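J.: Residue numbers (numbering that gives the first Met the number 0), protein chains in the order written: chain A, 0 to 340; chain B, 0 to 340; chain C, 0 to 340; chain D, 0 to 340; chain E, 0 to 340; chain F, 0 to 340.
Rather than coming from a laboratory, the hints here were simulated on the basis of the structure.
These figures come from a predicted structure and were not determined experimentally.
One or more of the hints may lead you astray.
Identical chains blur together in the list; that is why a pair holds if it fits in one copy or across any two.
[What the hints assert, rightly or not] Below 25 angstroms or equal to it, Euclidean Cα-Cα: the simulated PhoX-like pairs (lysine-lysine) are:
| # | residue 1 | residue 2 |
| --- | --- | --- |
| 1 | 137 | 215 |
| 2 | 258 | 170 |
| 3 | 255 | 137 |
| 4 | 23 | 48 |
| 5 | 98 | 258 |
| 6 | 137 | 98 |
6 protein chains.
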Amino acid sequence: MPILKAAIIGGGHIADQNHIPALKALPERVELVAICSRDIHKARALADKHDIPLAFDNAAEMFESDNRPDLIINCTANHLHHPFTMQALENNCHVLCEKPPAILAAQAGEMADLAQKNGKVLAYNFQLRQTPEYSLLKRALDNGRLGEVYHIKANFLRRRGIPGWGNFTNKSIQGGGALMDLGVHVLDLALGLLGYSEPDRIIANTYDYIGKAGGKGLMGGWDAEKFEVEDACFAHLSFPDNASITLSTSFALNTKIPKNVNLEVFGTKAGAMLNPFSLYSEVEGELVDMEFPHLEETDIQLKNTIAFLDACDGKPSNICNAAQGAVLQRIVEAIYKSAEK
Amino acid sequence: MPILKAAIIGGGHIADQNHIPALKALPERVELVAICSRDIHKARALADKHDIPLAFDNAAEMFESDNRPDLIINCTANHLHHPFTMQALENNCHVLCEKPPAILAAQAGEMADLAQKNGKVLAYNFQLRQTPEYSLLKRALDNGRLGEVYHIKANFLRRRGIPGWGNFTNKSIQGGGALMDLGVHVLDLALGLLGYSEPDRIIANTYDYIGKAGGKGLMGGWDAEKFEVEDACFAHLSFPDNASITLSTSFALNTKIPKNVNLEVFGTKAGAMLNPFSLYSEVEGELVDMEFPHLEETDIQLKNTIAFLDACDGKPSNICNAAQGAVLQRIVEAIYKSAEK
Amino acid sequence: MPILKAAIIGGGHIADQNHIPALKALPERVELVAICSRDIHKARALADKHDIPLAFDNAAEMFESDNRPDLIINCTANHLHHPFTMQALENNCHVLCEKPPAILAAQAGEMADLAQKNGKVLAYNFQLRQTPEYSLLKRALDNGRLGEVYHIKANFLRRRGIPGWGNFTNKSIQGGGALMDLGVHVLDLALGLLGYSEPDRIIANTYDYIGKAGGKGLMGGWDAEKFEVEDACFAHLSFPDNASITLSTSFALNTKIPKNVNLEVFGTKAGAMLNPFSLYSEVEGELVDMEFPHLEETDIQLKNTIAFLDACDGKPSNICNAAQGAVLQRIVEAIYKSAEK
Amino acid sequence: MPILKAAIIGGGHIADQNHIPALKALPERVELVAICSRDIHKARALADKHDIPLAFDNAAEMFESDNRPDLIINCTANHLHHPFTMQALENNCHVLCEKPPAILAAQAGEMADLAQKNGKVLAYNFQLRQTPEYSLLKRALDNGRLGEVYHIKANFLRRRGIPGWGNFTNKSIQGGGALMDLGVHVLDLALGLLGYSEPDRIIANTYDYIGKAGGKGLMGGWDAEKFEVEDACFAHLSFPDNASITLSTSFALNTKIPKNVNLEVFGTKAGAMLNPFSLYSEVEGELVDMEFPHLEETDIQLKNTIAFLDACDGKPSNICNAAQGAVLQRIVEAIYKSAEK
Amino acid sequence: MPILKAAIIGGGHIADQNHIPALKALPERVELVAICSRDIHKARALADKHDIPLAFDNAAEMFESDNRPDLIINCTANHLHHPFTMQALENNCHVLCEKPPAILAAQAGEMADLAQKNGKVLAYNFQLRQTPEYSLLKRALDNGRLGEVYHIKANFLRRRGIPGWGNFTNKSIQGGGALMDLGVHVLDLALGLLGYSEPDRIIANTYDYIGKAGGKGLMGGWDAEKFEVEDACFAHLSFPDNASITLSTSFALNTKIPKNVNLEVFGTKAGAMLNPFSLYSEVEGELVDMEFPHLEETDIQLKNTIAFLDACDGKPSNICNAAQGAVLQRIVEAIYKSAEK
Amino acid sequence: MPILKAAIIGGGHIADQNHIPALKALPERVELVAICSRDIHKARALADKHDIPLAFDNAAEMFESDNRPDLIINCTANHLHHPFTMQALENNCHVLCEKPPAILAAQAGEMADLAQKNGKVLAYNFQLRQTPEYSLLKRALDNGRLGEVYHIKANFLRRRGIPGWGNFTNKSIQGGGALMDLGVHVLDLALGLLGYSEPDRIIANTYDYIGKAGGKGLMGGWDAEKFEVEDACFAHLSFPDNASITLSTSFALNTKIPKNVNLEVFGTKAGAMLNPFSLYSEVEGELVDMEFPHLEETDIQLKNTIAFLDACDGKPSNICNAAQGAVLQRIVEAIYKSAEK
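Next comes chain A alone, as it looks inside the complex:
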């Protein structure tokens, strides 16, 4: 395989801590040639720190440079996922875009269409797919250990986890709150277990009481006056084959556990808990609880970057693809619409 040339768009924490180290750890597959940030100082600082040849504050220039990239990692703010991804696809680049896919369902659809038209890989960075627990859950499901899965409880709940930095409470930049930032992760995992089929019925409620009231923050203090998004969202999704998902996600909720990221999966032959991974089933006619004490820790970003590169190389990959991203974004939009009623 030829070594692909990669460029980063977006100079924030997630570029610095996740994507650049993952790319740098794969020199036999990818070469990081450029970084682009609105703020040229940020771009240059990261380029220096990580030994990246080129720094830009204008994506168009980057795409026109001699050493133009084959693929783009789009780690800009949510509202920029769509424009920069479109621009990259138009420039015949593969794109790994941060989650959520976009702000609107129509945007994610457009992005998927363009990727298909241009024959490029568009993928989303739902890196929780790469945890050893989810991999094992998928394997168990694929091998028939769960039977048919008919109900999933998907939770991403924080007690007081409204980030005190960034734009997490700004609706026009983020497109939403807990659902857009956290809930999409476990929604993606749950959909992955149901073949990423699309629900035919959705009902949801969203809230912003605690976000607007303020209080103790476990991720820094937030500005209650500028809190524009939902701090909690509860939804029920029903699918054509009668499977169902209960989704619960919060930035802030009066609950005991500070951070609870989990799936409870109910199948005809066994149930599964994601964290810690467990199976509940019958063995020799008796109820059995199975625990898996030795799952190996994984660098999930590295694994997801590899999955993206595999897709770029035409290999099988468990990355969240463009079509899945479009389904997910339609569901997110439907949840918000249901909540507005």
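Dock chains B, C, D, E and F against chain A, hints included.
T.: What follows is chains B, C, D, E and F alone, placed relative to chain A:
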């Protein structure tokens, strides 16, 4: 207050173990004068065992007897709740009817209308209202400790708890499965926290995979071939003021805990867990977990019988009344309808 | 099936508490017609207490009585297992004999031979075979879940459990100490997992330090001066197919746990722990620990008596049979011989 | 005392991580002058890293160099323990040889004989002797707190701990599997409690089922096709004074605990558990469990190196000496012979 | 020994539940001939229930009856301990008096003087002396295991344990609150470890905040308006030999544990915790925690009654004697005096 | 505010590890200009390490230097607290002096008087005041959550924590043992809850048994022959308003926990435990246990240094001030006097 004359209709376990002992423990308020069962032998055996003057196998005879009752405890099978309650109300008796109120919403409505027309008390035996945990939860809510409650998770889940006796899997007698038998309890509790308002949107799914497949039973073995009801039901209820309830109930589910009866209540000022009762809130600007280690055990049937007698005597009472029963039955029906789609 | 007539020989605690209640609980299969004890007062007292028609102090008379028994429960002291079992077999009775089979290997061999010659069932009361844990272990083994079992650690250890009553420390009556009384139970269970094959190599050590020194007793005080048996025995058994058993048993040992009865079973596909029953294996390529939280409690004496009656009726049965008892007694004798070296 | 000149033979992990740092930490007692490895690059790299003056790939040259060593640390592969130790002794060096002493009992005997003949110290690096727990156990034993020790269970068990690197599964290099690599440690500890007397009876079984079948590895993946050694060994050792040892060791076994290194020691006055160190005894006529919560952590390699240097200086030392090594190697050989039957 | 004739004065719970059953369990040593209560109906009811020949409502009559007692159990209210004990001693009876000895120090002194003058045994029913934990603590101390004891923390603390019945909050009847009812128990135990020497310095504080404020009761509700005694008392006692006791006792205190009865004993060689009994010391130069997992349960009232009868028979006894009772009462009085300052 | 110039007197561990880093972390408020130590080499080494301009071995010179300090951190040995603090105050410096304030009460009084006379801030470094637990406790108290506090148990107990270095056992340098070094911390905290009022009655006992006997040390070995101070001190303080404190402190005590630093605070409305911070109270008429799971970790020395600088700047501050230090020193002296009786 005069001592009220009571009669029991229905000669099963719940009469023998719950209602008769409760009535017998309150001799200063009520006198148990008769018991009526389709099976006269059962009726006579219970009358002998508990020292009840009269035994009947025909309710009409009972209502015409010299020592006619002032109130009826209706502990017949679900499909008989409506006819015997109507007959009792027509005979100017107060009625404490076992849960669920009826099989159909229209029946519960008719029962409530007749009670009102005849000026009689009609109440339902949701005795979990009387646990010390729920009493404390209500007190905390009423005194403003939770702020405004906006979301409730109501669970009544059994891992393998399909009863191996009785008619629990017979749809025409029971009207349904886990929801009719178990879910209604925690639904009643949750509605009680929301002022028993009526949801304007409902979505639900029901399942019968395990019930129809058979397997290990923790409450005796059941006949998978005669399993006609749902073994699990998941629903989302949304209310006009934007509050919401997630209801989960099962006779059988591949989950760890054998029996899980709980409410998680999320309010603007505090969250509450019902069992063990706990509050999650802020004190002096810090997150606090409050536990209540010394709640006193209660005879919940006795307390509910007293609540019913208080209602008969025109006193304030926290019994589930006829109007509430009608609301609950409409919700149950709406859940089943949603699940049929 | 005709109802069999049963008689008890031996008027001690184990007759009163275990065997008679079990027989009495099975009136459709067995009728208890007589009890025989050296002490006619004991015999009569038990006959009165349990409503048994006849009481004897002479077995020969019993066998000649009009209402002569079809089967005998021999619950005499160890050294009487042989003579009374021989007498019963000679009188054409089936025999359920208490464990251990006898004092000497030759006795157990003689007993097995006579049973075969007379076409009678001779069985031994190793009732731990009937625990739900051992039943499940056997089922898992038979269904191939463990693969091939190659090593078993069989423990029956007490910290200070020398009984302060009876003849447990008298060598001529008991034939031995911890091994004869306790170790035989777990040895029988372990052999049952290996097809009751006979080891070709045995090494063992026995001790009596604590028994002869005296000290704190958790089952009453014992007379250190009359302590004639081993208080601990450790042995290694190797089988022709290379399987092996490590047997550890004690009346008294300086160890933490007061009473430790357990098997650890190591198979090619899974390992098992008997108490609490657990399996250690691999699932989906990962190490898994399986626990079985809902095994039902069992009346193990009742189940063993039924197993004996099944054998008498020619049905399949998991009772310890005469041939197995002879194997076990040869092993016990070999252990003692090895320890004498 | 003069400062001794030391040289290392063997350039692997154990030289780099254990022996060189220990020697370097004792500049007042020993000077590390040379390192010898078959691979001169390895030798030079270690010499550079640790500031060692000379590097060789030929031991003979090293012994002839001007700065010839007074003592040798032999940390070569097992099959080289014998030749290099013999060569070092012939060159009048003291030797601290890694465990096991050798592959064959005859080798270890030869090595001990030559050491005695040349008046040199030959010792083996059983560094677990230096843990605070074993030191305390020895002290308690020596001061009579255990009374007479009569049985020891010595365990070194791994669930899936076949190293995925090195030569651990190569029989000609290692001489064996779990027993040679792991079991010898706890066997040495147990023998140390019994005065290193020699057993007069041994029985053992070895297995290689899991090693040859492959599966999940907790210490990397291993090559099941090249698995030539035992993955588990169970043995019973009986001593002339009737003491006994049960030895259990495994690279791979279907058991719960990933790594279990322990001794259970049974004495007439008290029993002891090594990890965590505990005593089980009687105080004031009552059973007592004693725990020792504040044992200090120790650098056990440093302590063992000091013990070796003490021996070289003619001081009392608890190092495993040449005679003990010969006894241990004879037992290992006897175990393997018994297992072959 | 002749069988002693006993009579009970006081017809309350403690007579019925503790003293009468203990006396009745010792027919070979004592015969219960009479019971005397102010309320003749109570006396007769107890006499009937327990098969006691005579019932009186006048002690003088009892002492003059034909079947006059040799010993008296005085289980009247605290303020009657003095008059009835004096009367009994004057009538040449031995007396076992309930704790506390009296209301005033002078009373206890008078009682001791009269007992000595008349040569009768006067003893107090501090039955916690008979727990297996305290017996073991005393044995350990007497055998030198603790070295010299220099400080004791004696706690009898209840969180909300003001009895909702009886006269526990009435100062003229009880003489005090938590100290008189609860604290005296652990004070007696602590003094027993220090040879019942008398402190030369005392400082104390008492409180009644919670008692007078009311609130949740774990032993029934109490009448805050009639709360006349201390609900908590903290005192420091210093002895001529520099030993010291910290005494803490409460009926009600805002603390976590509902009931905390314990001694922490600090000696030069070891410290001890009473419940659960533990020793903290050094063994082989290491800190050791000793636990005693198998202490046998005891009927402490029966053992204390036997101790009293032993004293009456002139045998050694660990009963609290008249002189000790006088010391204890002086300390109690000194504590109250210190608290008044 | 102008930046204050600071100098350190005392070149030990506490200067190096605590005070210098804290000052260096606050460049906007304070500039560290000099360090003075008896040992000029120590002074220079610290100056080099921390980039401090000037190093002295003579305080007088330092006060006369051009760059003379505005404030002094006095971290000399206890017996030098008085002379150097007096010298600093005379030179018109603010002083933050290490605890305890001094050796004698008169010294602390003199120091407070001079500070007042010269209008300088004198404060003591009781940095435990700055833990998040104590801050929360104070806030809860100030907001009335505890009601009125009437009893405090203040513990600073070590099992074997006599430091094996420094002068901790030297009476003339330290002024005392556990009380001077450890007890003063929790005494300061307790007094802070009672408005730093002064007790009118004190009783105390001190001991030195373990210190003089020697044994296992958890903080290094100590020289039992040079042990001149108390290893344990128990005291009871009673205040004019009837509040009381039980103080327990030890370097060495036969107790389970190695280090136990805690306050138990008993108030009329709630009780509090300092570590982990908890409240015990009533909510809705039920007993409640409140835990605070998310208190943020704090750099307590940094916070205390800021509190001192705030005081220097005339801002409100929770630093221990000169008057409080004088009260505390009087109490310490009274405790020692009481213990001498």
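J.: Would you mind marking each hint as holding or not holding in the structure?
T.: Verification of the hints:
1. 137 / 215: between (38 angstroms within a copy, 18 angstroms between copies)
2. 258 / 170: Answer is within: at 23 angstroms inside a copy they meet the 25 angstroms cutoff, but 42 angstroms across does not.
3. 255 / 137: between (29 angstroms within a copy, 20 angstroms between copies)
4. 23 / 48: within (12 angstroms within a copy, 28 angstroms between copies)
5. 98 / 258: Answer is within: at 19 angstroms inside a copy they meet the 25 angstroms cutoff, but 38 angstroms across does not.
6. 137 / 98: within (21 angstroms within a copy, 41 angstroms between copies)
When held up to the earlier numbered hints, the structure conflicts with none and fits them all.
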